[in-house]
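Construct all of the structure, not just a fragment, from the sequences and the given hints.
If you count the sequence shown from 1, position 66 lands on 66 in this note's numbering, and the numbers rise without skipping.
Honestly, the hints are just simulated from the structure, not real lab data.
In this text the structure is predicted, and so the values were computed from the model without any measurement.
Hints may be right or wrong, so weigh each one.
What the hints assert, rightly or not - In the DSS-like style, the derived pairs of lysine-lysine whose C-alpha atoms are separated by at most 25 Å in a straight line are:
(1) Lys116 / Lys213
(2) Lys128 / Lys148
(3) Lys217 / Lys116
(4) Lys148 / Lys116
(5) Lys213 / Lys148
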Amino acid sequence: MTSRTLLRQYLALSVLFLIAVSGCASNGTNSPPGQTTFTPVVVRILNLDAGNLSTEAAQESRSTATPTVVALLPPTNTPSVNLSETSPGAASPTPSCTNKAELISHLSISDNTMLKGGQAFAKIWLIKNVGTCTWTDAYALRFFSGDKMNGPDQVELPQQVSPGETVEIHLNLVAPADTSASSSNWVLSDPQGTLFGFGANGDQPISVIIQIKPTPKPTSG
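Here's what the structure looks like:
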């Protein structure tokens with residue numbers, strides 16, 4: 001029997017002996033419930049081929065470890081903001097069509113018509129829908145700036161106006177008595193109250209421009 005075979009047999013017997021000793025030590029210790037006691041045995045072999053055998057058995061001190069349970073919370077979902085919902089301070093949704101108008105003609109009281117102060121008159125425009133939205137009777141012509149000339153805050157459209165169609169809009173006004181010239185500016189509004197107008201960019205008002213006849217001075221007798 002060679003020396004290498006003897007070394008291997010000796011190593012196997014040493015390992016079995018150490019395992020048996022470790023098992024006895026473990027069985028003789030009463031661990032508290034819920035705790036685990038470990039008695040590791042370390043065997044180290046150095047330079048087996050050269051015939052040098054070194055074994056080391058070390059028993060570490062018993063340690064009691066209590067496992068820590070970490071609760072994993074589900075991620076918090078941040079609600080997205082839905083801009084299509086109306087709420088105070090929220091941005092208005094992007095319209096699906098475009099509002100734009102074109103002034104076709106003045107059907108009564110052309111610009112710079114001379115009127116007496118205090119004279120009532122009717123202003124009528126012929127207006128064309130050159131946008132892509134259909135105007136309903138919820139659309140209106142609204143006072144924008146200048147002299148209101150005793151007119152209303154707004155007047156609703158008299159009929160539905162599809163893109164490409166025209167509509168006549170009437171205003172009943174009164175010429176002011178205290179000026180030689182006066183103008184009143186008006187724009188359109190959609191059902192949400194958004195203003196729009198005329199011109200290339202749809203941002204210009206239409207106007208009533210009149211001249212006031214001077215009041216003749218009384219003659220002395």
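Hints and how they fare:
1. The suggested pairing of Lys116 with Lys213 holds, with an alpha-carbon distance near 5 Å, which does not exceed 25 Å.
2. Straight-line distance between C-alpha atoms of Lys128 and Lys148 comes to about 23 Å, which keeps the hinted pair within the 25 Å bound.
3. Restraint check for Lys217 and Lys116: satisfied, since their Cα atoms lie roughly 14 Å apart, inside the 25 Å limit.
4. Between the alpha carbons of Lys148 and Lys116 the distance comes to roughly 16 Å, so the proposed pair stays at or under 25 Å and holds.
5. Our distance criterion of 25 Å between C-alpha atoms is met by Lys213 and Lys148, whose separation comes to about 19 Å.
Checked against the numbered hints above, the structure breaks none of them.
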